[in-house]
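If you're matching them up, the sequences are chains B and Z in order. Under my numbering, think of the first position of the first sequence as 1, with each following residue one higher. Under my numbering, think of the first position of the second sequence as 68, with each following residue one higher.
There could be a bad hint or two in this list.
Claimed, not checked - Under the rule of at most 25 Å between Cα atoms (straight-line distance), these lysine-lysine pairs were calculated in the BS3-like manner:
| # | chain 1 | residue 1 | chain 2 | residue 2 |
| --- | --- | --- | --- | --- |
| 1 | B | Lys8 | Z | Lys153 |
| 2 | Z | Lys80 | Z | Lys238 |
| 3 | Z | Lys153 | B | Lys45 |
| 4 | Z | Lys208 | Z | Lys89 |
| 5 | B | Lys45 | B | Lys25 |
| 6 | B | Lys2 | B | Lys25 |
| 7 | Z | Lys153 | B | Lys57 |
| 8 | Z | Lys208 | Z | Lys73 |
| 9 | Z | Lys238 | Z | Lys73 |
Stated by the list, open to error - Quick list of simulated restraints, FRET-style, between CB atoms:
| # | chain 1 | residue 1 | chain 2 | residue 2 | range |
| --- | --- | --- | --- | --- | --- |
| 10 | Z | Asp235 | B | Ser11 | 37 to 45 Å |
| 11 | Z | Ile239 | B | Ser51 | 36 to 44 Å |
| 12 | B | Ser29 | Z | Ser131 | 18 to 26 Å |
| 13 | B | Asn6 | Z | Leu305 | 47 to 55 Å |
| 14 | B | Gly55 | Z | Arg114 | 15 to 23 Å |
| 15 | Z | Lys80 | B | Ser29 | 31 to 39 Å |
| 16 | Z | Tyr174 | B | Ser11 | 39 to 47 Å |
In case anyone wonders, no lab produced these hints; they're calculated from the structure. Even for Gly, the Cβ is constructed at its ideal location relative to N, Cα and C.
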Amino acid sequence: MKIYVNDKEHSFDCAGLTINDLLQKLNMSCTGVVAELDGDVLNSKDFSNRSLSDGSKIELIRIVGGG
Amino acid sequence: MNDILKIADRTFKSRLFIGTGKFPSTQSLRDSIAASGAEIITVALRRVDLNDTSEGIISAIDRSTQLLLPNTSGARNAEEAVRVAKIARAAGCGNWLKLEITPEPRYLLPDAVETLKAAEILVKEGFIVLPYINADPILAKRLEDVGCAAVMPLGSPIGSNRGIKTIDSIKIIIEQSNIPVVVDAGLGAPSDASLAMEIGADAVLVNTAIAVAGNPAQMARAFSEGVIAGRRAYLAGLAEMTFTANASSPVINA
Numbered sequence: 001m002k003i004y005v006n007d008k009e010h011s012f013d014c015a016g017l018t019i020n021d022l023l024q025k026l027n028m029s030c031t032g033v034v035a036e037l038d039g040d041v042l043n044s045k046d047f048s049n050r051s052l053s054d055g056s057k058i059e060l061i062r063i064v065g066g067g
Numbered sequence: 068m069n070d071i072l073k074i075a076d077r078t079f080k081s082r083l084f085i086g087t088g089k090f091p092s093t094q095s096l097r098d099s100i101a102a103s104g105a106e107i108i109t110v111a112l113r114r115v116d117l118n119d120t121s122e123g124i125i126s127a128i129d130r131s132t133q134l135l136l137p138n139t140s141g142a143r144n145a146e147e148a149v150r151v152a153k154i155a156r157a158a159g160c161g162n163w164l165k166l167e168i169t170p171e172p173r174y175l176l177p178d179a180v181e182t183l184k185a186a187e188i189l190v191k192e193g194f195i196v197l198p199y200i201n202a203d204p205i206l207a208k209r210l211e212d213v214g215c216a217a218v219m220p221l222g223s224p225i226g227s228n229r230g231i232k233t234i235d236s237i238k239i240i241i242e243q244s245n246i247p248v249v250v251d252a253g254l255g256a257p258s259d260a261s262l263a264m265e266i267g268a269d270a271v272l273v274n275t276a277i278a279v280a281g282n283p284a285q286m287a288r289a290f291s292e293g294v295i296a297g298r299r300a301y302l303a304g305l306a307e308m309t310f311t312a313n314a315s316s317p318v319i320n321a
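Start from the sequences, fold in the hints, and give me the full structure.
Shown next as C-alpha cells:
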C-alpha cells in the first residue's frame, strides 16, 4: 500500500496499518506528534485505532521553536 | 514591586514573553528561559522532518510554571490559522493562542481582515486569543470587542531588531485598550523593551534578539532587567518633557 506522509510517497508491503504502525515503520516516537488524516486532527490517543488505507494522505505535525 | 499582569483568568509576575525560535541549542533555550524569568513561552507547529532526530524544544519548557503559547505562524488566512489552532490544541498546547496571519514573507506583516475573522471564530471555539497585529488602534478595539484576551501590536517587522517604529500608534492603543497590550516583534535591544514598558505596555514578547545574541542567556537577563526598569519607571510616573531648559539647580544670584 502507498501512503503519502507530508506529501511524500511511502510504500509498505502490508495492509491495514494504523497511525501507530506507520510511526514505528518510520522510526518515529509519537510523543508530541499530531496527525491530520482526511481532515480530522488526531492526537496520539487516536493513533492505535485509526487505520490507513491505500492512497491515504497523512500530515504529521509537531511543536517546534517559534516566536 | 507587587505588580501582577493579568490576562484572561491567569496572573503572571513576569512581563517578558519569550519566543523559542532560532536558539543555537535546546540547552541554550532552557538557560535563556531560566535567565529571563519568563512565564509565557511561545512555540510554533510544523510538519515533522523525518530526518531530524534533534531533541524537541518542548523539554526546555516547565509546564508547571510556564504557560505554553502556540502561534499560528505560517498561516496565510483565517482558515489556515483555525486549522493550526486546532492542531495546537490536539498537540496538548492548551487553549491559549497567539493568532498570527502573515500572507507575505518579505515583511511578515499581519493581515488585519483575516486576523479579525479568525479571532471571532477562535474565541467562539473557546480559545484564549492574543492576536499579533499591526499597530492599528481601531483594529485593536475591534479585536477587544470580539473577545480577544490581549492584543500584540508590532514595533517593527518580525526579527528585524529595528525597535519600536510604531510608537505613536502603540501609545493610542495603550490609551484606549481595556485588555493587556503586549508589544511584539522587532524589539532588538533591552532599551526597546524598556521604552515599550515606559509608555505603558503591559508586556513585551522577544525572540530573535535573544536567540541570536552572542550569549542568549545573558541577553535574556538583560531584556528581563530592561522590562523591569521600564515598568518601574511607568509606575513611578515619568517627568514631563519640555522643549526649553528647566534649571535643576536653584536659580539664585550668588
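* Distance restraint evaluation - glycine 55 (chain B), arginine 114 (chain Z), Cβ atoms, bounds 15 to 23 Å -> holds (19 Å)
* Please work out if lysine 153 (chain Z) and lysine 45 (chain B) have their alpha carbons no farther apart than 25 Å. => holds (16 Å)
* May I ask you to test the hint 18 to 26 Å on the CB atoms belonging to serine 29 (chain B) and serine 131 (chain Z)? => For serine 29 (chain B) and serine 131 (chain Z) the Cβ distance comes to about 22 Å; the hint holds.
* Asked: Do the beta carbons of tyrosine 174 (chain Z) and serine 11 (chain B) sit within 39 to 47 Å of each other?
  -> Given a distance of about 42 Å, which is inside 39 to 47 Å, the answer is holds.
* Quick one, are lysine 2 (chain B) and lysine 25 (chain B) close enough, alpha carbons at most 25 Å? -> Cα-Cα ~13 Å, so holds.
* Asked: So does asparagine 6 (chain B) sit 47 to 55 Å from leucine 305 (chain Z), Cβ to Cβ?
  -> holds (52 Å)
* Satisfaction of hint between lysine 153 (chain Z) and lysine 8 (chain B), Cα-Cα up to 25 Å -> Roughly 23 Å between the alpha carbons, so the hint for lysine 8 (chain B) and lysine 153 (chain Z) holds.
* Asked: So the hint says 36 to 44 Å: do the beta-carbon atoms of isoleucine 239 (chain Z) and serine 51 (chain B) match that?
  -> Since the Cβ atoms of isoleucine 239 (chain Z) and serine 51 (chain B) sit about 55 Å apart, the hinted range of 36 to 44 Å is violated.
* Go ahead and decide if the range 31 to 39 Å is satisfied by the Cβ distance of lysine 80 (chain Z) to serine 29 (chain B). => holds (34 Å)
* Could you grab the alpha-carbon distance between lysine 45 (chain B) and lysine 25 (chain B) and see if it respects the 25 Å cut-off? => With a Cα-Cα distance of about 18 Å, the restraint between lysine 45 (chain B) and lysine 25 (chain B) holds, given a limit of 25 Å.
* Satisfaction of hint between lysine 73 (chain Z) and lysine 238 (chain Z), Cα-Cα up to 25 Å -> holds (20 Å)
* To do: Starting from lysine 208 (chain Z), check that the Cα of lysine 89 (chain Z) is at most 25 Å away, please.
  => violated (32 Å)
Hints 4, 10, 11, counting from the list given before, are not met by this structure.
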